[in-house]
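There are 2 protein chains.
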Amino acid sequence: MKFELANAIALLTRTPATLSALLRDLPDPWLMQNEGPETWSPYDVIGHLIHGEETDWIPRAKIILEHGEARPFEPFDRIAMFEQSKGKTISELLDTFAQLRAENLRELQSMNLTPETLEKRGMHPELGTVTLSQLLATWVVHDLGHIRQVVRVMAKQYGAEVGPWKAYLAILGRD
Amino acid sequence: MKFELANAIALLTRTPATLSALLRDLPDPWLMQNEGPETWSPYDVIGHLIHGEETDWIPRAKIILEHGEARPFEPFDRIAMFEQSKGKTISELLDTFAQLRAENLRELQSMNLTPETLEKRGMHPELGTVTLSQLLATWVVHDLGHIRQVVRVMAKQYGAEVGPWKAYLAILGRD
Numbered sequence: 053m054k055f056e057l058a059n060a061i062a063l064l065t066r067t068p069a070t071l072s073a074l075l076r077d078l079p080d081p082w083l084m085q086n087e088g089p090e091t092w093s094p095y096d097v098i099g100h101l102i103h104g105e106e107t108d109w110i111p112r113a114k115i116i117l118e119h120g121e122a123r124p125f126e127p128f129d130r131i132a133m134f135e136q137s138k139g140k141t142i143s144e145l146l147d148t149f150a151q152l153r154a155e156n157l158r159e160l161q162s163m164n165l166t167p168e169t170l171e172k173r174g175m176h177p178e179l180g181t182v183t184l185s186q187l188l189a190t191w192v193v194h195d196l197g198h199i200r201q202v203v204r205v206m207a208k209q210y211g212a213e214v215g216p217w218k219a220y221l222a223i224l225g226r227d
Numbered sequence: 053m054k055f056e057l058a059n060a061i062a063l064l065t066r067t068p069a070t071l072s073a074l075l076r077d078l079p080d081p082w083l084m085q086n087e088g089p090e091t092w093s094p095y096d097v098i099g100h101l102i103h104g105e106e107t108d109w110i111p112r113a114k115i116i117l118e119h120g121e122a123r124p125f126e127p128f129d130r131i132a133m134f135e136q137s138k139g140k141t142i143s144e145l146l147d148t149f150a151q152l153r154a155e156n157l158r159e160l161q162s163m164n165l166t167p168e169t170l171e172k173r174g175m176h177p178e179l180g181t182v183t184l185s186q187l188l189a190t191w192v193v194h195d196l197g198h199i200r201q202v203v204r205v206m207a208k209q210y211g212a213e214v215g216p217w218k219a220y221l222a223i224l225g226r227d
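So the protein lines, in turn, are chains A and B. Every position in the first sequence, counted from 1, becomes a number in my numbering once 52 is added. Every position in the second sequence, counted from 1, becomes a number in my numbering once 52 is added.
Keep in mind the hints are simulated off the structure, nothing from the lab. Keep in mind that this is a model prediction, so the values were computed, not measured. Mixed in with the good hints, there may be bad ones.
Now the stretches of chain A that chain B is said to cover, found in silico as 3 or more residues with beta-carbon under 8 Å [as the list claims (entries may be wrong)]:
1) 53 to 62
2) 128 to 136
3) 204 to 212
Just the calculated beta-carbon pair ranges, DEER-fashion [unchecked claim]:
4) B:171 - A:91: 39 to 45 Å
5) A:171 - B:151: 28 to 34 Å
6) A:130 - B:114: 45 to 51 Å
7) A:111 - B:173: 43 to 49 Å
8) B:168 - A:211: 20 to 26 Å
9) A:53 - B:122: 29 to 35 Å
10) A:155 - B:119: 55 to 61 Å
Straight-line C-alpha distance at most 27 Å; calculated DSSO-like pairs for lysine-lysine [what the hints assert, rightly or not]:
11) A:208 - B:140
12) A:208 - B:208
13) B:54 - A:218
14) B:208 - A:218
15) B:114 - B:54
16) A:172 - B:114
17) A:54 - B:218
18) A:138 - A:208
19) A:54 - B:114
20) B:114 - A:218
21) A:138 - A:54
22) A:208 - B:172
23) B:114 - A:114
24) B:54 - A:208
25) A:172 - B:208
26) B:138 - A:218
27) A:172 - A:54
Backbone N, C-alpha and C define an ideal beta-carbon position, used for all residues, glycine too.
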């Protein structure tokens, strides 16, 4: 499937409502447990997505459009949310994520990107040369990856409770 | 995390809205592509979940409550949906799933299950003795596993489009 801006936006638009439908008002044991040391709970993941909205996707798109490969992206802080989320409820985090995502998609639309500008290049500090369309495709896949992480973390809480059915449930397996 | 009926129901209640938020009105390329031969598209998954509501979870719970281990469950047809979904839109499938899930959760509530009845045993045709609470925990994990499958299938459509970022995106990896 080739990258098309409208298809990417269709998915990016749906992520906040998807996570809200899944997580809002869910009992705390589902929200706060993780997969062990140095892993994230569903609550942590929403904080991470918020931080991405603030510092990663649109800021990097702007760097590409304004500076091209001349200015590498700022490295992304993958654990900033542990401080930023402190004291917030899951509903507050979900609302913040939805609001920031909506603002960022408005900003993306206002860029009036064309097939030509989507091929503009930027400089990732570790990965080297990347294009704007690759950045936007990554934004989509990053969303999907964290939805996957959230459901995997929750499923694992029932790893023992399913009894013999564990053999049939790939989500309880190796990753 | 120990099985508790209220926590299980909290998740089972949210699955239809979660999948609706993610998939309804999404452009067809996201909905209809799969991971290759003998794999399922997001569209196929919703049909599979519908078939589970019709023939798997509550019918098996009833068999446990009425017959215990004396009557093995009917084997579940994992690919019945390829016929049953034919000609239906994704919105129709999502609506059907939501309606059946709501009915089944009403039926579950009406069983007035206690910690004792949750330990009642049934006979799985392949796995042998299982308990009612294991069946219900499996229902939850089965939901989560198919949400995970849906997002993985969609993410893979952008496997090439993310360029060098592929190295950072576990969802594009081995499973």
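Query raised in the report: Among the hints numbered above, which are violated by the structure, and what are their numbers in rising order?
Result: 2, 4, 5, 7, 9, 11, 16, 19, 21, 23, 26
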